[in-house]
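Letter by letter, the chains look like this.
Number of protein chains: 2
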Amino acid sequence: MANIKEVAKNAGVSVATVSRFLNKKGYVSETAKENIEMAIAELNYRPNHVARSLSTKQSNLIGLIVPDITNPFFPELARAVEDIALSFDYTVVLCNSDENPEKEEQYINMLTQKYIAGFIVSSNQLTSPHYDIDVPIVALDRAIHPSIPTVTTDNVEGARIGTQYLLDCGATNIVCMRGPVGLGPADDRLKGFLQATEGKDIQTHIIESPFYFEPSEKVAEKFLKEFPEVDGIFASSDTSAIAALKMAQAMGRDVPNDLQIVGFDGVQMGKMVSPSLTTVAQDIYEMGAYATKMLIKMIEGQELLEKNINISAELVVRGTTRGE
Amino acid sequence: MANIKEVAKNAGVSVATVSRFLNKKGYVSETAKENIEMAIAELNYRPNHVARSLSTKQSNLIGLIVPDITNPFFPELARAVEDIALSFDYTVVLCNSDENPEKEEQYINMLTQKYIAGFIVSSNQLTSPHYDIDVPIVALDRAIHPSIPTVTTDNVEGARIGTQYLLDCGATNIVCMRGPVGLGPADDRLKGFLQATEGKDIQTHIIESPFYFEPSEKVAEKFLKEFPEVDGIFASSDTSAIAALKMAQAMGRDVPNDLQIVGFDGVQMGKMVSPSLTTVAQDIYEMGAYATKMLIKMIEGQELLEKNINISAELVVRGTTRGE
Numbered sequence: 077m078a079n080i081k082e083v084a085k086n087a088g089v090s091v092a093t094v095s096r097f098l099n100k101k102g103y104v105s106e107t108a109k110e111n112i113e114m115a116i117a118e119l120n121y122r123p124n125h126v127a128r129s130l131s132t133k134q135s136n137l138i139g140l141i142v143p144d145i146t147n148p149f150f151p152e153l154a155r156a157v158e159d160i161a162l163s164f165d166y167t168v169v170l171c172n173s174d175e176n177p178e179k180e181e182q183y184i185n186m187l188t189q190k191y192i193a194g195f196i197v198s199s200n201q202l203t204s205p206h207y208d209i210d211v212p213i214v215a216l217d218r219a220i221h222p223s224i225p226t227v228t229t230d231n232v233e234g235a236r237i238g239t240q241y242l243l244d245c246g247a248t249n250i251v252c253m254r255g256p257v258g259l260g261p262a263d264d265r266l267k268g269f270l271q272a273t274e275g276k277d278i279q280t281h282i283i284e285s286p287f288y289f290e291p292s293e294k295v296a297e298k299f300l301k302e303f304p305e306v307d308g309i310f311a312s313s314d315t316s317a318i319a320a321l322k323m324a325q326a327m328g329r330d331v332p333n334d335l336q337i338v339g340f341d342g343v344q345m346g347k348m349v350s351p352s353l354t355t356v357a358q359d360i361y362e363m364g365a366y367a368t369k370m371l372i373k374m375i376e377g378q379e380l381l382e383k384n385i386n387i388s389a390e391l392v393v394r395g396t397t398r399g400e
Numbered sequence: 077m078a079n080i081k082e083v084a085k086n087a088g089v090s091v092a093t094v095s096r097f098l099n100k101k102g103y104v105s106e107t108a109k110e111n112i113e114m115a116i117a118e119l120n121y122r123p124n125h126v127a128r129s130l131s132t133k134q135s136n137l138i139g140l141i142v143p144d145i146t147n148p149f150f151p152e153l154a155r156a157v158e159d160i161a162l163s164f165d166y167t168v169v170l171c172n173s174d175e176n177p178e179k180e181e182q183y184i185n186m187l188t189q190k191y192i193a194g195f196i197v198s199s200n201q202l203t204s205p206h207y208d209i210d211v212p213i214v215a216l217d218r219a220i221h222p223s224i225p226t227v228t229t230d231n232v233e234g235a236r237i238g239t240q241y242l243l244d245c246g247a248t249n250i251v252c253m254r255g256p257v258g259l260g261p262a263d264d265r266l267k268g269f270l271q272a273t274e275g276k277d278i279q280t281h282i283i284e285s286p287f288y289f290e291p292s293e294k295v296a297e298k299f300l301k302e303f304p305e306v307d308g309i310f311a312s313s314d315t316s317a318i319a320a321l322k323m324a325q326a327m328g329r330d331v332p333n334d335l336q337i338v339g340f341d342g343v344q345m346g347k348m349v350s351p352s353l354t355t356v357a358q359d360i361y362e363m364g365a366y367a368t369k370m371l372i373k374m375i376e377g378q379e380l381l382e383k384n385i386n387i388s389a390e391l392v393v394r395g396t397t398r399g400e
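Chain order of the listed sequences is Z and L. Every position in the first sequence, counted from 1, becomes a number in my numbering once 76 is added. Every position in the second sequence, counted from 1, becomes a number in my numbering once 76 is added.
Derived from the structure by calculation, the hints contain no laboratory data. Be careful, since some hints might not be right.
Note that the list lumps identical chains together, so a pair holds whenever it fits in one copy or between two copies.
[What the hints assert, rightly or not] Taking lysine-lysine and the BS3-like style, the derived pairs with C-alpha atoms no more than 30 Å apart in a straight line are: (1) Lys294 with Lys347; (2) Lys383 with Lys276; (3) Lys100 with Lys276; (4) Lys179 with Lys109; (5) Lys179 with Lys100; (6) Lys276 with Lys298; (7) Lys179 with Lys301; (8) Lys109 with Lys81; (9) Lys369 with Lys109; (10) Lys81 with Lys298; (11) Lys85 with Lys109; (12) Lys85 with Lys369.
Starting from the given sequences, assemble the full structure and let the hints guide the process.
Right, dumping it as structure tokens:
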């Protein structure tokens, strides 16, 4: 394979000029640029990124840390991150943290050794000291630290709108499946639920529930037995909402006629169940795309005009509510 | 941060010995090993993987190429690959090919420049010349080339069993949603369907259908209108099966009492719909784990005892069939 010296010779410029061109650092005349591009094409030269990352202390690898790629919210996010990264010639290393700070730290250590260019992190380790590293980080979905740029959904307002819709549709005895206590987005969604319901002449039950299917089914079974008069469910994730839907149907409840359900997330799966799930949809692709563009700006030394992006969620009315 | 010279000095050995130790190449005495390990711990030394990959022409990055991570089969596969890779100190670069040979080639080129250690590829580009590269490859789910080690499901036998079960449950007029023509696993599943149905006194309809939800709904709507007497569906993917279930219910069909459905894949989503999907379940995690272990063996220069692994699929009976 051709090396940088041969490219320089073919282009009639110095090796230093080719290096400046490849690393996009320093001045290269337009004529030199054209000659180098032609030489690269002619010799089928592939710049050696590993060698370059040694000299510039920068690679084009982005680490994406998510809790679990099999949770249906995260493949859609990962897809957006990868699409945008690729369009800027970056590639994405996928890391599942399982919400485990030690596993996160192991990843951060392994990847920092590879001169990773930056991280996009969907984590809840607010106080993790291992994020005190010298590469750019963007927090996605969940804030990590005030100093770290963040892309989130407006969870409070989204939950308020979703809960208000249940009230508008006539629900008067509502369970909030509030997600895990202490998880930022779940806590914010509970705030929105409370904003919509407090001071209203209705009954509410706030019940902790993980964002996983089978445990959510068990939670739903328990409260549907304990409070048979419940006529509305606001769930802090679509996975929990779908679990409640399935359990309610198995227990002979008619959704939406005697029990209405609103989820939160807007994952594709919500369209696949019967009836389709009414939900507060996050713009998942837009969140991933935004975070990736912010990170690449930081990696390339550009200034961020906005450090905290809060994207609106949107109510998507489908079949698990009765309409107003 | 400490460098390799300081480690050598602290351990009382030469830099070359530390380097042999780090790269696991050549002889290092047990005493030297212990001293080096202590020095590394004491100095909190992080070996520089980028510099090492330059000297050994090897990194611990694995490229995972899948058609689309948002197709629910692939997150479960990616999860297994990442789990096993991490346990061997490898990390995974995620690539969505969209079944587009040019995009695959772009990835292969970008990653080969980074001295990627190997690729796991779930692709259908049988004749792609860009796989003629000098790093190990394992094909997963879909065979690429006879020379490339492959991990697949026994699709023919799985489909035969799934179809036979529909017959055993009394279906006599069956649609096979056969997936995309020319896609290896889909073609094999059609073979299994034909093995089970040929020569039997039943009616069959073989209909092409993509592995995506909305297009599968349209396909199902069309054939349920055209052949209202259909009483069984064998779908080549769970996504298509779930689309058919939803459409059938929307058209007033009673599943499983007057229409039975069997899917193929065994993704988590099959448990979330009502009724739960009867399906031919691939051992998705095992497939990903197997492929990753094979690839790491190849990367580390060990011999593969088996080059082609064909894992059995298993019928999982749930609610979209009536039972025998």
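Should Lys179 paired with Lys100 be assigned to within, between, both, or neither, using CA atoms and 30 Å as the limit?
between (35 Å within a copy, 24 Å between copies)
Quick one: Lys179 to Lys109, C-alpha cut-off 30 Å, is that within a copy, between copies, both, or neither?
Intra 44 Å, inter 26 Å, cutoff 30 Å: inter-copy only.
Lys369 and Lys109: within-copy, between-copy, both or neither at 30 Å Cα
Classified as within; 26 Å inside a copy, 45 Å across copies.
Homomeric proximity label, Lys276 with Lys298: Cα distance no greater than 30 Å:
within (25 Å within a copy, 48 Å between copies)
Treating 30 Å as the Cα threshold, decide for Lys294 and Lys347: within, between, both or neither.
both (23 Å within a copy, 14 Å between copies)
Quick one: Lys100 to Lys276, C-alpha cut-off 30 Å, is that within a copy, between copies, both, or neither?
Close neither inside one copy (61 Å) nor across copies (68 Å); limit 30 Å.
Using 30 Å as the alpha carbon limit, work out where Lys383 and Lys276 are close: within a copy, between copies, both or neither.
neither (37 Å within a copy, 66 Å between copies)
Treating 30 Å as the Cα threshold, decide for Lys85 and Lys109: within, between, both or neither.
within (14 Å within a copy, 46 Å between copies)
Measure nothing new, just compare the shortest in-copy and cross-copy C-alpha distances for Lys179 and Lys301 to 30 Å and report within, between, both or neither.
Neither way: Lys179 and Lys301 sit 39 Å apart in one copy and 52 Å across, limit 30 Å.
With 30 Å as the alpha-carbon cut-off, assign the pair Lys85 and Lys369 to within, between, both or neither.
neither (36 Å within a copy, 44 Å between copies)
For the identical chains here, do Lys81 and Lys298 meet the 30 Å Cα criterion within one copy, between copies, both, or neither?
This pair counts as neither: shortest intra-copy Cα distance 72 Å, inter-copy 63 Å.
From the Cα coordinates, with 30 Å as the cut-off, is the pair Lys109 and Lys81 best called within, between, both, or neither?
within (16 Å within a copy, 40 Å between copies)
This entry does not satisfy hints 2, 3, 7, 10 and 12, going by the numbered hints stated previously.
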